[in-house]
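**Student:** Chain residues, written in single-letter form:
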Amino acid sequence: DQQVKQNSPSLSVQEGRISILNCDYTNSMFDYFLWYKKYPAEGPTFLISISSIKDKNEDGRFTVFLNKSAKHLSLHIVPSQPGDSAVYFCAASGRNYGQNFVFGPGTRLSVLP
Amino acid sequence: KAGVTQTPRYLIKTRGQQVTLSCSPISGHRSVSWYQQTPGQGLQFLFEYFSETQRNKGNFPGRFSGRQFSNSRSEMNVSTLELGDSALYLCAGQRRGGDDEQFFGPGTRLTVL
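As they're listed, the protein sequences go chains X and Y. To get the numbering used here, take the position in the first sequence, counting from 1, and add 14. To get the numbering used here, take the position in the second sequence, counting from 1, and add 6.
Taking beta-carbon pairs under 7 Å as the criterion, some of the chain Y residues facing chain X (in silico):
(1) Gly46
(2) Leu49
(3) Phe51
(4) Glu54
(5) Leu96
(6) Gly111
(7) Pro112
Derived from the structure by calculation, the hints contain no laboratory data. The beta carbon of each residue, even a glycine, is placed where N, CA and C say it ideally should be.
Construct the entire structure; sequences and hints are all you get.
**Tutor:** In C-alpha cells form, the structure reads like this:
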C-alpha cells in the first residue's frame, strides 16, 4: 500500500513550457514534503521542500504547491529546460512522529527541445 | 567536500549467495539510511543507522541487515539472494537524521541471476 503516489510514470513537455508533476499522499501525519531529481547513474538530489504550514514554496524556476485538504502536492517547473529531463521523486515525512522519508515511485520528465 | 560514496557500483550475484554493500557518508554526517529502488516502486526504505545503532527499520525481511561503524561508514548485507532482490541500492547520509537534507550516493546496481 503506497503512502505516496505519483500516478504519472512519465511526462513529456516542450522546452520553454511549464512542467507540472503531481504527487498524492494518504497518511495525514505527513507534514513535510520534498522533491528530488535523479539523473541516470547518479543518486537523487534534493530540489525543493515544503512544510505543511505553507501552501506554496518557490525557488527560481521551481515552485511546489501543497493542498493539504486534498493530500496533494505538485511541482511546477517554468520554463522547462532540456537539462530538467530526469526522474522526479516526491517524498514525505512526519517530522513530529519520527518517521523516515517515504518516497513515491517517481515520474520521468522529458523536456523536448 | 567529498560526496557520498558507495562501493561497489555494480554487482552480479546468483541466487542463494550473499552480498555486502558499503556506503561512506559525507564527513560529519552521522545518519545513514538505505533504500531499494525498483522500477515502479520508487525508493523503499530499508533502515537507518545513527551512531552505530539501527534507529529505524522498513518492512523488509530479515535477510536484509546492516551495520554502522564508528566513522559513520555503513554496510548493508543481503543473505540468501533472490531474483527479486535485483535493484539499485541507494544510501543517503544526513547530519543527524529526521528531516535534515539527505545526500544520496550514486547507488550500487545489484543483479541477481
